[in-house]
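Construct all of the structure, not just a fragment, from the sequences and the given hints.
Below, each chain spelled out in residue letters.
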Amino acid sequence: MIDYRIDRHTGVATYVQIVQQTKQALRLGLLKPGDKLPTAREVVEATAVNPNTVLKAYRELEREGLVEARRGLGTFVRRSLGAAPADSPLRAELEEWASQAREAGLEREDVAALFTAVLDTHYPAHTPDPAPAKTSEGDPS
Amino acid sequence: MTVPAIEADALGKRFGRRAAWALRDCSFRLPAGRVCAVVGPNGAGKSTLLALAAGLLAPTEGTVTVLGTDPATARPRVGFVDQGKPLYPQLGVAETLRMGADLNPGRWDADTADRVVAGGDLDPRARIRSLSGGQRTRVALALALGKRPELLLLDEPMADLDPLARHELMGVLMGQAAEHGTTIVMSSHVVAELEDSCDHLLLIGGGRVRLAGEIDDLLAAHTRVSAPAETDLAPHAVVEARTTGRRLSALLRPSGPLPGDWRTGTPSLEELVLSYLRNPGALAPAPAPDTTETAA
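Each protein sequence line maps, in turn, to chains A and B.
If you count by this note's numbering, then the first sequence holds residues 2 to 142, one letter each, in order.
If you count by this note's numbering, then the second sequence holds residues 90 to 385, one letter each, in order.
These aren't lab readings, by the way, just hints derived from the structure by calculation.
Using N, Cα and C, we set each Cβ at its ideal position, and we do this for glycine too.
It is possible that part of the hints are untrue.
Reference listing, derived: stretches of chain A covered by chain B, where coverage requires no fewer than 3 residues with Cβ under 8 angstroms from a Cβ of chain B [what the hints assert, rightly or not]: (1) 22-31; (2) 43-52.
Distance ranges between label pairs, derived from CB positions [to be verified]: (3) A:L107 x B:S221: 32 to 40 angstroms; (4) B:R216 x A:R80: 56 to 64 angstroms; (5) A:R92 x B:N131: 50 to 58 angstroms; (6) A:R80 x B:A309: 29 to 37 angstroms; (7) A:A105 x B:R367: 34 to 42 angstroms; (8) B:E359 x A:E104: 42 to 50 angstroms; (9) B:G345 x A:Q25: 35 to 43 angstroms; (10) B:A183 x A:G66: 26 to 34 angstroms; (11) A:L31 x B:P178: 46 to 54 angstroms; (12) B:G345 x A:D4: 53 to 61 angstroms; (13) A:V112 x B:D200: 46 to 54 angstroms; (14) A:D4 x B:D200: 39 to 47 angstroms.
Dumping the calculated SDA-like pairs for lysine to any residue here, alpha-carbon to alpha-carbon at most 25 angstroms [stated by the list, open to error]: (15) A:K37 x A:M2; (16) A:K37 x B:G270; (17) A:K37 x B:E268; (18) A:K37 x A:R80; (19) A:K24 x A:S89; (20) A:K24 x A:L107; (21) A:K33 x A:G66; (22) A:K24 x B:D305; (23) A:K37 x A:A93; (24) A:K24 x B:D285; (25) A:K24 x A:Q101; (26) A:K24 x A:V119; (27) A:K37 x B:H269; (28) A:K33 x A:G12; (29) A:K37 x B:D305; (30) A:K37 x A:H10; (31) A:K24 x A:E108; (32) A:K33 x A:H10.
So, in structure tokens, the structure goes:
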């Protein structure tokens with residue numbers, strides 16, 4: 002199960018935070034195909050956000066084919082995301098690189114800036130997809 | 090398709106013939122299933138509006154329809170928590186809930202009511218008069234939620250709760266909305282505390298409706314811009330404009346594409362509300378076409 006943490010001072014829309022945190026959990030293998038996402042009710046009781054916000058996030062995840070809503074049962078993970086589970090060789094290489102950076106005397110912020118710069122070169126920034134229209138459907142779970 | 094939760098038409102109220110209008114010319118439509126923030130400064134008319142919808146006040150002019158009928162007829166399906174959280178001071182907590190069960194035969198949700206009270210660590214035998222303001226709020230909310238209302242009207246529900254209780258009870262309210270599709274209307278003058286929980290806004294100022302609609306739509310209809318000073322903002326509707334040094338900052342309702350050299354951004358709900366409140370002359374946008382009822 003995943004616990005969403007909503008930070009309302011980031012300027013990132015709440016539903017986008019839920020989408021991003023779900024994807025992050027999929028990338029890290031914390032959520033696997035077949036796993037059930039918490040119901041809208043469970044999420045809103047824990048976070049006090051509006052139920053439509055959760056449903057909007059789940060619809061977005063469904064639109065991307067990552068989860069599916071099964072009527073009366075809940076929302077389930079369909080596929081995992083990315084090729085970088087926590088134990089992949091790429092992670093090992095990154096660990097190696099990070100320790101080299103540390104030995105070279107780089108501060109945490111230096112490393113983060115460097116990594117972000119390289120990331121931006123190889124992966125041009127993308128904007129989130131436009132929000133799908135709000136609907137008044139109920140909790141799919 | 091569905092009956093709106095509240096529909097007000099030219100609704101007005103004044104207390105006494107020579108008194109000023111507490112609320113006037115108030116027209117809006119709140120679709121069922123929304124969580125609506127009623128926002129405005131002190132004395133704006135928020136409590137008057139809620140009491141009219143609850144059927145505790147009679148309108149001086151205009152009409153208000155609640156769940157498709159008049160407020161008095163709708164009352165068994167409506168929960169109302171007044172700002173003063175009126176309860177019987179001599180009753181105990183458990184007795185108060187039993188009273189709720191007796192007064193709402195056939196619809197009392199004891200689990201929810203008990204859970205709300207249990208969250209506060211209250212002694213069931215404690216008398217209401219011995220409780221703190223926040224504890225009384227908790228009992229009043231338990232009573233209102235136990236009724237399992239279709240429409241919940243809450244006047245400043247969070248004002249005397251500590252941050253932990255506020256978050257927990259807001260979570261309970263959102264859970265009710267998720268589970269039962271309960272329409273919730275809550276007033277506050279703290280916009281930030283409602284921003285994540287509400288999807289609909291009713292901004293009241295000077296006894297009138299200044300803004301009404303889906304929060305996403307309202308935010309999308311407005312743009313924060315920064316342009317060189319002396320820029321002519323026409324033909325866009327200007328809610329607020331300020332010149333600082335060589336820059337002009339404004340909040341607009343664009344009526345078309347904006348010049349590419351203006352810096353633009355989406356306002357936060359709080360910025361939007363404050364801009365309207367600081368500028369009582371700014372006109373509300375024309376009511377958006379009713380898109381909320383056509384969705385799947």
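Hint by hint, here is what the structure shows:
A stretch counts as covered by a chain when three or more of its residues have a beta carbon under 8 angstroms from one of that chain; for the region 22-31 of chain A and chain B the count is 0, and the coverage is violated. Coverage of a stretch by a chain is defined here by at least three residues with a beta carbon nearer than 8 angstroms to that chain's beta carbons; for the region 43-52 of chain A and chain B the count is 8, and the condition holds. Remark: the range hint 32 to 40 angstroms for L107 of chain A to S221 of chain B is contradicted by a beta-carbon distance near 53 angstroms. The hinted window of 56 to 64 angstroms between R216 of chain B and R80 of chain A holds, with their beta carbons roughly 57 angstroms apart.
The supplied range of 50 to 58 angstroms is met by R92 of chain A and N131 of chain B, whose beta-carbon atoms lie about 56 angstroms from each other. The given range of 29 to 37 angstroms is respected by R80 of chain A and A309 of chain B, whose C-beta atoms sit roughly 32 angstroms from each other. Our hint of 34 to 42 angstroms for A105 of chain A and R367 of chain B is violated, since their Cβ atoms are close to 53 angstroms apart. At about 47 angstroms, the beta-carbon gap between E359 of chain B and E104 of chain A stays in the expected band of 42 to 50 angstroms.
A C-beta distance of roughly 39 angstroms is found between G345 of chain B and Q25 of chain A, which places it inside the suggested range of 35 to 43 angstroms. Checked against the given bound of 26 to 34 angstroms, the beta carbons of A183 of chain B and G66 of chain A, roughly 51 angstroms apart, lie outside it. For L31 of chain A and P178 of chain B, the Cβ-Cβ distance of about 51 angstroms falls inside the hinted range of 46 to 54 angstroms, so the restraint holds. For G345 of chain B and D4 of chain A, the hinted distance range of 53 to 61 angstroms is not satisfied, since their beta carbons lie about 44 angstroms from each other.
For the pair V112 of chain A and D200 of chain B, the beta carbons lie near 51 angstroms from each other, so the given range of 46 to 54 angstroms is met. Distance hint check: the CB atoms of D4 of chain A and D200 of chain B are about 24 angstroms apart, inconsistent with the given range 39 to 47 angstroms. Between K37 of chain A and M2 of chain A the CA atoms are separated by roughly 7 angstroms; this keeps the pair inside 25 angstroms, and the hint holds. Distance check on the hinted pair: K37 of chain A and G270 of chain B sit about 22 angstroms apart at the alpha-carbon level, within 25 angstroms; holds.
For the proposed pair K37 of chain A and E268 of chain B, the alpha carbon gap of about 18 angstroms is at most 25 angstroms, so the pair holds. As the CA atoms of K37 of chain A and R80 of chain A are separated by approximately 12 angstroms, the hinted pair is consistent with the 25 angstroms bound. Our distance criterion of 25 angstroms between C-alpha atoms is met by K24 of chain A and S89 of chain A, whose separation comes to about 17 angstroms. Only pairs whose Cα atoms come within 25 angstroms are accepted, and K24 of chain A paired with L107 of chain A is rejected, the gap being roughly 30 angstroms.
For the hint linking K33 of chain A to G66 of chain A, the alpha-carbon distance of about 14 angstroms falls within 25 angstroms, and the restraint holds. Distance check on the hinted pair: K24 of chain A and D305 of chain B sit about 24 angstroms apart at the alpha-carbon level, within 25 angstroms; holds. Restraint check for K37 of chain A and A93 of chain A: not satisfied, since their Cα atoms lie roughly 30 angstroms apart, outside the 25 angstroms limit. For the hint pairing K24 of chain A with D285 of chain B, the CA-to-CA distance comes to about 21 angstroms; that is within 25 angstroms, so the pair holds.
Simply put, K24 of chain A and Q101 of chain A have alpha-carbon atoms about 29 angstroms apart, too far for the 25 angstroms limit, and the pair is violated. As the CA atoms of K24 of chain A and V119 of chain A are separated by approximately 22 angstroms, the hinted pair is consistent with the 25 angstroms bound. At roughly 21 angstroms between alpha-carbon atoms, K37 of chain A and H269 of chain B fall within 25 angstroms of each other, so this suggested pair holds. Restraint check: the Cα-Cα separation between K33 of chain A and G12 of chain A comes to about 29 angstroms, which exceeds 25 angstroms; the hinted pair is violated.
A C-alpha spacing of about 29 angstroms is found between K37 of chain A and D305 of chain B, which places the hinted pair above 25 angstroms, so the restraint is violated. About 29 angstroms separates the Cα atoms of K37 of chain A and H10 of chain A, which puts this hinted pair outside 25 angstroms; it is violated. For the suggested pair K24 of chain A and E108 of chain A, the alpha carbons sit about 28 angstroms apart, so the restraint of at most 25 angstroms is broken. For a cut-off of 25 angstroms, the pair hint linking K33 of chain A to H10 of chain A is broken: about 30 angstroms separates their Cα positions.
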